[in-house]
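Asks: Single-letter residue listing:
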Amino acid sequence: MKSKKAGRIVFEIFMVILSLLFLYPLFLTIINSLKSFSEVMTDVIALPKSLAFENYSYVWKYINYPRLFLNNTVITVLGLAGIVLISSIAAYKLARTKSKMSNLIYFIVIMPMLIPFQSIMLSVLQMAKNFHLSDSTWGLGILYWGFGAPLAMFIYHGFVKGIPNEIDESATIDGASGFRLFFRVIFPLLKSVTTTIIIIDVMWIWNDFLLPLLMVNGSPTTKTLTLAAYTFVGQYTSDWQYAMTAMVMAVLPSIIVFMFLQKHIVKGVVAGAVKG
Amino acid sequence: MFKLGRKWAERLEFGVFTLPVLISVIAVFYYPFMMTIRYSLTKWNGISKNPKFIGLDNFKQIFSGDANFMNASWFTIKYAILYIVIVNVLAILLALVLDMKMKSTTWLRAAFFIPYILSLVIVGFIWKFIFMQGFESLGASTGWGIFKLSWLGEPNLAFISVLLVSIWQSVGFYLVIYIAGLQSVPDDMKEAATVDGAGPVRRFFSITLPLLAPSITISVFMALTNSIKVFDVILSLTGGGPGGTTYSVAYDIYRDTFQNNLYGYGTAKALILFVAVLIITMIQLTIFKRREVEA
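Sequence order for the protein chains is A and B. For the first sequence, my numbering assigns the number 1 to the initial residue and increments by one for each residue that follows. For the second sequence, my numbering assigns the number 1001 to the initial residue and increments by one for each residue that follows.
Since the hints were derived computationally from the structure, they do not count as laboratory data. Treat the hints loosely; a few may be bogus.
[To be verified] Within a straight-line C-alpha distance of at most 30 Å, the following computed DSBU-like cross-link-like pairs (lysine-lysine) qualify:
id	chain 1	residue 1	chain 2	residue 2
1	B	Lys1049	B	Lys1078
2	A	Lys5	A	Lys100
3	B	Lys1229	A	Lys267
4	B	Lys1078	A	Lys129
5	B	Lys1101	A	Lys5
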């Protein structure tokens, strides 16, 4: 019995070491963002002798970090708000209406999950130009509504079916209908699944690359963090200390958010996966 | 009169609730998809105002032997198969471990999930740095030969690097799906099997794995769709090199369309990709769903 317990502890220690090895590349990135160029070149795995915070101030100014951060926030918030609103309200109505029309619309909305973005990227770009949505953070945010809707609709639809119809009926008797019924009664009941969708979509929109590359790469004032990091590295191919700093600055917001919401994030993905 | 009015009110409400999502999806998927079909039948450099209609010539040219497309397809197939198998096996094994009650469970789950919150382009750059600079220092301090290989400079190793980095980034996501699946396996079934004399291996294959089938369906579906579209990580990690050996289909389409300005030709390839994805995912879902029912 005792040896079994000891075995468990050894195994647990092994797992913790394994997880640290797993994260080692990120640790290397952080320590090298704090080194001078010559230090990076002589020894990557050594700890920095003194902390070179000037890498950070250089990249901060060069890529106009506050502006990029604002752009990312605008795109993500606008995109998310739209996805949650239009998908939840439609999923509710479609799940409650039993008709051929309702089934058809549901099918039309979730079907695009199978279309690879590369199949339509050129056309999306052309369409965005026609509708004057390109080179604008707002335009990009709005495009995400359609790109995010299929998955959100799929998850919401499955969830609404689990909410008993009696709730709608009693609310209708109390005099609520239409928007009031949805926003006062139904939407609050969807809270857990809304959290899941927000988590999945924040990670996706915040980090997305190809769509922003096509849509907002034209001007330095509309770029996103990932895009700027990508172009920056392209220009400073051998200045690894700056490149690593740009990497850290691009991923830092995600990591900070993750640390605060870690429990909810893992739970949210679990809920989404089980429902989906 | 009243009846008709109510029916119309209901229809109006149905429209108001569902139209926004319908318009959004049509605008970003269906309308562009129609344009894609049209572009695929043209020769167009993106500069001239009107694409020139050439019928099925693009498709003929692709199928009569486009070496880039063939190589990229072969790369993508190899990559997809290995990625799907390895990432799912690893995630199931890790999930079995992290489903046990340990003091560090919360930390371990978070640690394996962290790379998934990073952008794939950035993950590619980070690993490029590790392969090019970091391995040199690691090799010097450990003396291990594995760090002295040219991980991005040699075709076979570059392939393994792309695979490795993608798995590193996403294994945490699949891990979380499998943990969710494991938590829905009832404990009393496992206990009953133990009482009946089933060992851990037998228990895993006879009880846990069949009950995990829905999670496997979802994970394989996601791994499949994601691996067929692999692009970001290759762009920043190898840039398609060495010697064009790590171009994926998605990257090949991107290159033809936006770097070589072959708008019509690239779009025709994109359409072929769509049909392939459709057929493969349909087959996958049918097979896996059938197995689920049996289990």
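Asks: Each of the hints needs a verdict: does it hold here or not?
Replies: We went through each hint and held it up to the structure:
1. Pair hint B:Lys1049 plus B:Lys1078 does not hold up; C-alpha atoms about 39 Å apart against a cutoff of 30 Å.
2. Pair hint A:Lys5 plus A:Lys100 does not hold up; C-alpha atoms about 60 Å apart against a cutoff of 30 Å.
3. With a C-alpha separation of about 27 Å, the suggested pair B:Lys1229 and A:Lys267 falls inside the 30 Å cut-off, and the hint holds.
4. Between B:Lys1078 and A:Lys129, the direct Cα distance comes to roughly 37 Å. Violation of the 30 Å bound is thereby established for this hinted pair.
5. About 13 Å separates the Cα atoms of B:Lys1101 and A:Lys5, which keeps this hinted pair within 30 Å; it holds.
Going through the hint list in order, the structure does not satisfy hints 1, 2, 4.
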